[in-house]
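Peer 1: As a plain string of letters, each chain reads:
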Amino acid sequence: MLAEPPPEPADPADEGHPFAPIPYAVRAVAAETPDTVTLTVEPRGSRRIGPPQPGQFVMLYAFGIGESPIGVAGTGPDGLLVHTVRNVGRVTAALTRLTPGDTVGVRGPYGHGWPVAEARDRDIVVVAGGLGLPPLRPAIYRLLQQREAYGRLEIVYGARTPKDLVYYEEIQGWRRRRDLRLQVTVDAAGREWYGDVGVVTTRLPDARFEPSRTTAFVCGPEIMMRLTAQALVARGVAPEATWVSMERNMKCAIGLCGHCQYGPSFVCRDGPVLPYSSLAKLLPLREL
Amino acid sequence: MSELEPASSRVLSREEFPQLFEALGESGYEIVGPTVRDGAIVYDRLRSVDDLPIGWTDRQEAGRYRLEPRGDRALFGYNVGPFTWKKFLFPARERLWTATRDGVSFRVEPEPTEGPRLALLGMRACELAGLAVTDKVFTGGPVSDPGYRARRARILRIAVQCGQAGGTCFCVSMGTGPAVRGGADLVLTELLAPGPHRFLLQASTEAGADVLRCLRGAGRAPSPDDLGQAEATVARAAGSMHRSLDPGGVPELLRETLEHPRWEIVAARCLSCTNCTMVCPTCFCSTHEEVPDLEGTKVERWRRWDSCFNLGFTELHGAPVRKSGLSRYRQWLTHKLGTWHDQFGMSGCIGCGRCITWCPVGIDLTEEIAVLRTPAPPAGKEGKP
Numbered sequence: 001m002l003a004e005p006p007p008e009p010a011d012p013a014d015e016g017h018p019f020a021p022i023p024y025a026v027r028a029v030a031a032e033t034p035d036t037v038t039l040t041v042e043p044r045g046s047r048r049i050g051p052p053q054p055g056q057f058v059m060l061y062a063f064g065i066g067e068s069p070i071g072v073a074g075t076g077p078d079g080l081l082v083h084t085v086r087n088v089g090r091v092t093a094a095l096t097r098l099t100p101g102d103t104v105g106v107r108g109p110y111g112h113g114w115p116v117a118e119a120r121d122r123d124i125v126v127v128a129g130g131l132g133l134p135p136l137r138p139a140i141y142r143l144l145q146q147r148e149a150y151g152r153l154e155i156v157y158g159a160r161t162p163k164d165l166v167y168y169e170e171i172q173g174w175r176r177r178r179d180l181r182l183q184v185t186v187d188a189a190g191r192e193w194y195g196d197v198g199v200v201t202t203r204l205p206d207a208r209f210e211p212s213r214t215t216a217f218v219c220g221p222e223i224m225m226r227l228t229a230q231a232l233v234a235r236g237v238a239p240e241a242t243w244v245s246m247e248r249n250m251k252c253a254i255g256l257c258g259h260c261q262y263g264p265s266f267v268c269r270d271g272p273v274l275p276y277s278s279l280a281k282l283l284p285l286r287e288l
Numbered sequence: 289m290s291e292l293e294p295a296s297s298r299v300l301s302r303e304e305f306p307q308l309f310e311a312l313g314e315s316g317y318e319i320v321g322p323t324v325r326d327g328a329i330v331y332d333r334l335r336s337v338d339d340l341p342i343g344w345t346d347r348q349e350a351g352r353y354r355l356e357p358r359g360d361r362a363l364f365g366y367n368v369g370p371f372t373w374k375k376f377l378f379p380a381r382e383r384l385w386t387a388t389r390d391g392v393s394f395r396v397e398p399e400p401t402e403g404p405r406l407a408l409l410g411m412r413a414c415e416l417a418g419l420a421v422t423d424k425v426f427t428g429g430p431v432s433d434p435g436y437r438a439r440r441a442r443i444l445r446i447a448v449q450c451g452q453a454g455g456t457c458f459c460v461s462m463g464t465g466p467a468v469r470g471g472a473d474l475v476l477t478e479l480l481a482p483g484p485h486r487f488l489l490q491a492s493t494e495a496g497a498d499v500l501r502c503l504r505g506a507g508r509a510p511s512p513d514d515l516g517q518a519e520a521t522v523a524r525a526a527g528s529m530h531r532s533l534d535p536g537g538v539p540e541l542l543r544e545t546l547e548h549p550r551w552e553i554v555a556a557r558c559l560s561c562t563n564c565t566m567v568c569p570t571c572f573c574s575t576h577e578e579v580p581d582l583e584g585t586k587v588e589r590w591r592r593w594d595s596c597f598n599l600g601f602t603e604l605h606g607a608p609v610r611k612s613g614l615s616r617y618r619q620w621l622t623h624k625l626g627t628w629h630d631q632f633g634m635s636g637c638i639g640c641g642r643c644i645t646w647c648p649v650g651i652d653l654t655e656e657i658a659v660l661r662t663p664a665p666p667a668g669k670e671g672k673p
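Sequences listed follow chains A and B, in order. Each residue of the first sequence is one higher than the one before, starting from 1 at the first, in my numbering. Each residue of the second sequence is one higher than the one before, starting from 289 at the first, in my numbering.
Any given hint could be a false lead.
[Claimed, not checked] Chain B is nowhere near these chain A residues, computed Cβ spacing over 10 Å in every case: (1) Thr-38; (2) Glu-67; (3) Gly-89; (4) Pro-115; (5) Tyr-150; (6) Leu-165; (7) Arg-181; (8) Asp-187; (9) Arg-248.
[What the hints assert, rightly or not] With a straight-line cut-off of 25 Å between C-alpha atoms, the simulated SDA-like cross-links for lysine to any residue are: (10) B/Lys-611 with B/Thr-521; (11) B/Lys-586 with A/Ser-46; (12) B/Lys-611 with B/Lys-586; (13) B/Lys-424 with A/Pro-264; (14) A/Lys-281 with B/Glu-544; (15) B/Lys-375 with B/Ser-560; (16) B/Lys-424 with A/His-112; (17) B/Lys-424 with A/Arg-248; (18) A/Lys-163 with B/Gly-606; (19) B/Lys-375 with B/Arg-395; (20) A/Lys-163 with A/His-112; (21) B/Lys-611 with A/Arg-248; (22) B/Lys-611 with A/Asn-87; (23) A/Lys-163 with A/Ser-46; (24) A/Lys-281 with B/Thr-662; (25) A/Lys-281 with B/Glu-547; (26) B/Lys-586 with A/Ala-93; (27) B/Lys-375 with A/His-17; (28) B/Lys-611 with A/Glu-222; (29) B/Lys-611 with B/Gly-536; (30) B/Lys-586 with A/Glu-42; (31) B/Lys-424 with B/Arg-358.
[Said to hold, decoys possible] Heads up, incomplete: computed chain B residues facing chain A, CB under 8 Å, no partners named: (32) Tyr-353; (33) Phe-394; (34) Val-431; (35) Asn-598.
Everything labelled a hint here was simulated from the structure, so no lab data went into it. Keep in mind that this is a model prediction, so the values were computed, not measured. For every residue, glycine included, the Cβ atom is placed at its ideal position computed from N, Cα and C.
Make the full structure from the sequences, and use the hints.
Peer 2: Encoded structure:
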């Protein structure tokens, strides 16, 4: 009877402690909406997180307050990171109060992001709802960097009201590009809004793509992702090629704390980006 | 257990048994094991054999646990109590790091992972299966837990084969006991009548054999009678087990019954008290807490056991995802017996029965699975004219 060898003891020289945040300096803070800011942060010292892939997230840490999982909205040279944060709780309240020169903790990057490379040669439909746009932004730029490697690029972005649209200047720039097609819609607006009104799914029929060779990246509130995925699949996009980014409570971000479970998945480790084919039966269930 | 070489096994009489404690001390281990406290058998530091639950047994049923005198002087004549060995590897509260303000920045000091070498004396077969589960959870993934990994490397596993089944045990049906089939360093079988009160000790690893060497010839080599009696002891435990849960097809069953009316019935009884998750040897959920000092210059990050029954467990943007008791009980059971297989390639249940015993309203997962296996009645007005 042979027992298995005991696990290796902890190596103190390991590349950092899995739960220890790395200090980053806040370089810039931009107000997006009344409750949402975009933070640009850079490493304070020589330590930094690995390069995030589009759709991955990090744990952002406010000293003395706690951590919150936040998608990576952009990256730059010298380990620069961009995060768009909405004030929805204690930690995000602290994060949205930061000013340039402050310090924030970062650990990550975590999870599986958008399968951008796997979608080469295909039409791409990007559907964002509200704060679903920031985690899609790096995927959009990755696609634009290698634009000729992809077919059509359709972006549909919806928010509750015009005031809730983020990256407003930037999307004006996208509107002028000829290598992508952008539709922006809001659920409700006053007379100052000349654009479309209606939830994002109402704009999908106008999106131009060949369903059989389309990959879709969808991010937004869960109900919006479900209805969007259903509409795309109804139009002929394969459920396996329809990707959504799930959101759940997270404490550890490395599959050890159990909080983010969604059916068989740890959203932090198996997701956050998951194929609709694995979620279609679960999404209609309440309180899963 | 009968295939061991004689050199790696000894029989100690009851009078010689304290020498095992001495050998463990000499080998550098602190001993933790069963002891009676507050009307239950718990696991804690043991100073001597006298700390063991001598002559006690635990009578268990759904929602009921009582200690009773056995009428003999058995040291291990009980089954499992409200504690598990998990707390020695994954403490209920654990500091992960300390951070100090450093000008505009901060410095993080991870918690050191040094600690004593522990001999876990009295691990049951089901609990060894539980250890295999937590090993997989904490050290089998892409990132392993530094604290668990360090503590795990320092333990000596001394198993005790059960001589009787507890009232809520179902290890036979789960294939996890009562015989110890592996995963221990040293296996102990308490032999009561016939013959004198004695203990069969069998080493199954080098670490276990080292401890036997420290006995310096105390006791004697086991006789065929000793080995036969040990087998009979375990067979008696297996034969007296009344509960069962056939694990075959359970993950598929749970995938297909997420909207079964039974969830509502069990949820009406469930108090969401978290007892089942606190006594479970494999439940691993935890939360992180930030504990700042009053001046705001130093912070400690603590990890504390959490439970999927807590309302705040799934809080997202200020509201819980799993609001109803139904959704929380369903999450617990479907995870433990179903999606655990997807995540870790094994069941999260090891058949110890603690969740049944310690449920204040006596919810019995073996019964819930049996009901879910019966086809759901058509939705609507069944039972009404």
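Peer 1: Below or equal to 25 Å on CA atoms is what counts here, so check B/Lys-611 against A/Glu-222.
Peer 2: Between B/Lys-611 and A/Glu-222 the Cα gap is close to 16 Å, so the pair holds against 25 Å.
Peer 1: Is A/Lys-163 close enough to A/Ser-46, meaning Cα to Cα at most 25 Å?
Peer 2: Measuring from Cα to Cα gives roughly 39 Å; hence the hint is violated.
Peer 1: Regarding the pair B/Lys-424 and A/Arg-248, is the alpha-carbon distance no greater than 25 Å?
Peer 2: holds (23 Å)
Peer 1: Would the hint on B/Tyr-353 be counted as holding, given a Cβ-Cβ threshold of 8 Å to chain A?
Peer 2: The hint is violated - B/Tyr-353 has no Cβ within 8 Å of chain A, the shortest such distance being about 26 Å.
Peer 1: Holds or violated: B/Lys-375 and A/His-17, Cα atoms, limit 25 Å.
Peer 2: holds (21 Å)
Peer 1: Taking the closest pair, is the beta carbon of A/Glu-67 still more than 10 Å from chain B?
Peer 2: At roughly 7 Å from the nearest Cβ of chain B, A/Glu-67 sits no farther out than 10 Å, so the non-interface label is violated.
Peer 1: Could you grab the alpha-carbon distance between B/Lys-586 and A/Glu-42 and see if it respects the 25 Å cut-off?
Peer 2: holds (23 Å)
Peer 1: Does the alpha-carbon distance linking B/Lys-375 and B/Ser-560 stay inside the 25 Å limit?
Peer 2: holds (22 Å)
Peer 1: Are B/Lys-611 and A/Asn-87 close enough, with their CA atoms no more than 25 Å apart?
Peer 2: holds (22 Å)
Peer 1: Beyond 10 Å on every Cβ pair: is that true for A/Pro-115 relative to chain B?
Peer 2: holds (18 Å)
Peer 1: Between B/Lys-611 and B/Thr-521, is the straight-line Cα distance small enough, at 25 Å or below?
Peer 2: Not OK: B/Lys-611 and B/Thr-521 at ~47 Å, beyond 25 Å, violated.
Peer 1: Starting from A/Lys-163, check that the Cα of A/His-112 is at most 25 Å away, please.
Peer 2: Given pair A/Lys-163, A/His-112 is violated - Cα atoms ~31 Å apart, limit 25 Å.
The structure fails hints 2, 3, 9, 10, 12, 19, 20, 23, 29, 31, 32, 35 (numbered hints given earlier, in ascending order).
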